[in-house]
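Got chain Y sorted already, so can you dock chain L onto it with the hints?
Protein chains: 2
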Amino acid sequence: MTEIIKGGVCAPKGYTAAGVHCGVRRNRSKRDLALIYSEKTASAAAVYTTNLVKGAPLAVTKKHLADGRARAIICNSGNANTCNANGEYIAGETCALLAAGLGIAAEDVIVASTGVIGQAMSMEPFERGIPELIKALGTSSAPAAEAIMTTDTVAKEIAVEFDCGGVKCRMGGMAKGSGMIHPNMATMLGFITSDCAISPEMLAMALGEDVKSSFNMVTVDGDTSTNDMVAVLANGLAGNAPISAPGADYEAFCEALHTVTVYLSRRIAGDGEGATKLLDCVVTGAKTLSDARTAARGVVGSTLLKAAMFGADANWGRVLCAVGYCGADVDIGRVGVKFRSEAGEVEVCANGAGVDFSEELAAKVLGEDEVYILVSLGDGDASAEAWGCDLTYEYVKINGDYRT
Amino acid sequence: MTEIIKGGVCAPKGYTAAGVHCGVRRNRSKRDLALIYSEKTASAAAVYTTNLVKGAPLAVTKKHLADGRARAIICNSGNANTCNANGEYIAGETCALLAAGLGIAAEDVIVASTGVIGQAMSMEPFERGIPELIKALGTSSAPAAEAIMTTDTVAKEIAVEFDCGGVKCRMGGMAKGSGMIHPNMATMLGFITSDCAISPEMLAMALGEDVKSSFNMVTVDGDTSTNDMVAVLANGLAGNAPISAPGADYEAFCEALHTVTVYLSRRIAGDGEGATKLLDCVVTGAKTLSDARTAARGVVGSTLLKAAMFGADANWGRVLCAVGYCGADVDIGRVGVKFRSEAGEVEVCANGAGVDFSEELAAKVLGEDEVYILVSLGDGDASAEAWGCDLTYEYVKINGDYRT
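Line order of the protein sequences matches chains Y and L. Using the numbering used here, you'd call the opening residue of the first sequence number 1 and step up by one each time. Using the numbering used here, you'd call the opening residue of the second sequence number 1001 and step up by one each time.
Among the clues, some could well be false.
[Stated by the list, open to error] Cβ pair distances, simulated, as ranges: (1) Y:212 / L:1370: 38 to 48 angstroms; (2) Y:30 / L:1026: 47 to 57 angstroms; (3) Y:397 / L:1208: 35 to 45 angstroms; (4) Y:59 / L:1208: 35 to 45 angstroms.
[Claimed, not checked] Keeping only pairs whose Cα atoms sit at most 16 angstroms apart, straight-line, the calculated EDC-like set for lysine to aspartate or glutamate is: (5) L:1397 / Y:255; (6) Y:168 / Y:255; (7) Y:397 / L:1379; (8) Y:364 / L:1401.
[Said to hold, decoys possible] Residues on chain L that point at chain Y, a partial pick, calculated with CB under 8 angstroms: (9) 1325; (10) 1349; (11) 1353; (12) 1400.
Derived by calculation from the structure, the hints in this document are not laboratory data. Just so you know, these numbers come straight off a predicted model, no measurement behind them. Think of the CB as a built atom: it goes at the ideal place given N, C-alpha and C, for glycine as much as any other residue.
This is chain Y alone, in the form it adopts within the complex:
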């Protein structure tokens, strides 16, 4: 039983967090440096973007996680520290400065950056901000969740409590979207903490498996970022018998993890740049899991469908078109499509052809903030879910002039 609780990444035992303005961003009212700290060394695992262009912080983090252990996560927003001359130096020095301040090893620091690619960066804001950041450490996760935001309009946080071998454990997470979102094997920034005891190997396995059906099923604009990373810390302070092999405890951990990651995935999609609504595509009846995932992502990734959803236009031909070109193995003659939301459900296509439906009801269904696109393939037992958002004037506005 996984239960939602308050507290974000600070809900599990032994974690504190902070967020301050250090000056990477000019706007002094926006926090731009976040810290998550575990009082005890934790098992740690991460997944990274598959973009050939990888942010310098990812290279440094990968080195630091070679031993499967970490104690702190530091992240700035406002500059991606990518495709610049001194990226690895900056990322390494940031870890060193933070480690010195906290009295821990630099190798136990996970470092991340998000913002514009290809901008020069200096250590100056970090030199000024890190002492302040350490001083600000506390049990509220909100300042850190705010500090990692870029074009996000809301902070994205969750925490859950779950049972592991009779011991109550907790897990918390935060994530940032909201543009350049088309995760592939890894994803946007997501930081997850837990007080569950689990080996680094099992933690890496849990995370690697989980992202396939959580963050990797999100798309906002089809652009896979250079700085995607999800990192998890598990410090064992809950006192459960350490998880070191598959079994019931591992399953409980994975279920809690999935609750956290799916919640954050949905929040990222719903807060996609300029979005007015969350699109949730559920594909059922696929031949294979891979076909189901490909089709679900194909539908929520279709630019034309996204624009139609903005206009609350039940243009289901665009759903079929996307199913047809996405690469999934599908018998189009068996495809059915329904739209569903709090306002009701409307069937618009059966056996690959249109069915009569009430345009009035369809407009109501599509007018809600969360719209399910239900696609049945009639070909097998596999299913998958993917999340996206509508394409709006605001998306164009935000991205027509992001740098300035």
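Relative to the frame of chain Y, chain L by itself:
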């Protein structure tokens, strides 16, 4: 020597064309039915969409082209005749009606449709329109070029004259964009006529090879249409020695064909839905042709880059990001990027990192109607060119409510 001349698809000897309003569209001021007719049976070839959802007209055309011969092309706009109950019947009957009126075989008719997917369709507009269409046949290609338009803002036509074994031949073409444009092996609608004598086999080879570096390098929104088709007729009335094998004459034909298809490709991209500018990405120094094409298409297909180009924002990080995720085999540390237009040229990235540049000059360069994005990979000799357009408010507006 390929020279541009006037006359569109009617420029070659023996072709007439017509465009009328038959009532597939409600708006009576917009022509919606086009005909291209050859007075002599022509060698004919076509390429089709790779979308699993294929418009019914494509199935009928494929059957009719089994013998590599045709005399007429009929195309309606306003309804894609796809994913409806009676699509093949409608397409077949349309060919039969037209053939009866023209006194030719129904198997010599190529049929195409473009418009909304999944809408019911009846023969009634065709029964009314086809006699009128035949009566209207004349030497002006403009009414037909208008009749195939959907959200296109301008008709797209060209004609060329070329020398084939000492004999002057002509070739003409028309195409429609302008949304759901991400051709794959085939493309949007393109109709090409020629009076050159060439065997059906050589014609099919020429077209199949050509689209790889013309229509298939265009993207507007990443959505591969269900009704893409390019068809070519060559009736031999120019009197040249028939082309039935590779050689100088075949090369001359291919060169003319490429001039026609690249012109139409560029027009389609520049008139992409809501576009304010044509983006032309030239990738050089790739390891393989496939890498070059993948990278060029990846760059002009990036939603984020398209939005930045709308805002004339020299956000070259998005070019690198797209090169990084598109799947091409690239050494990012060697990549260089320049922007060029009539206003000048500006280098923004060298060896995978930013270089100092004048933002003022960059804004001027990106403010033009045609912008070249020059990407050098420094990895080999292969190069490719792809065409796209910016992403604008207007695109969202057009597609938020396309059906109504």
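- Message: When the structure is checked against the list of hints, which entries are broken? Sort them ascending.
- Response: Hint check: 5 and 7 fail, others pass.
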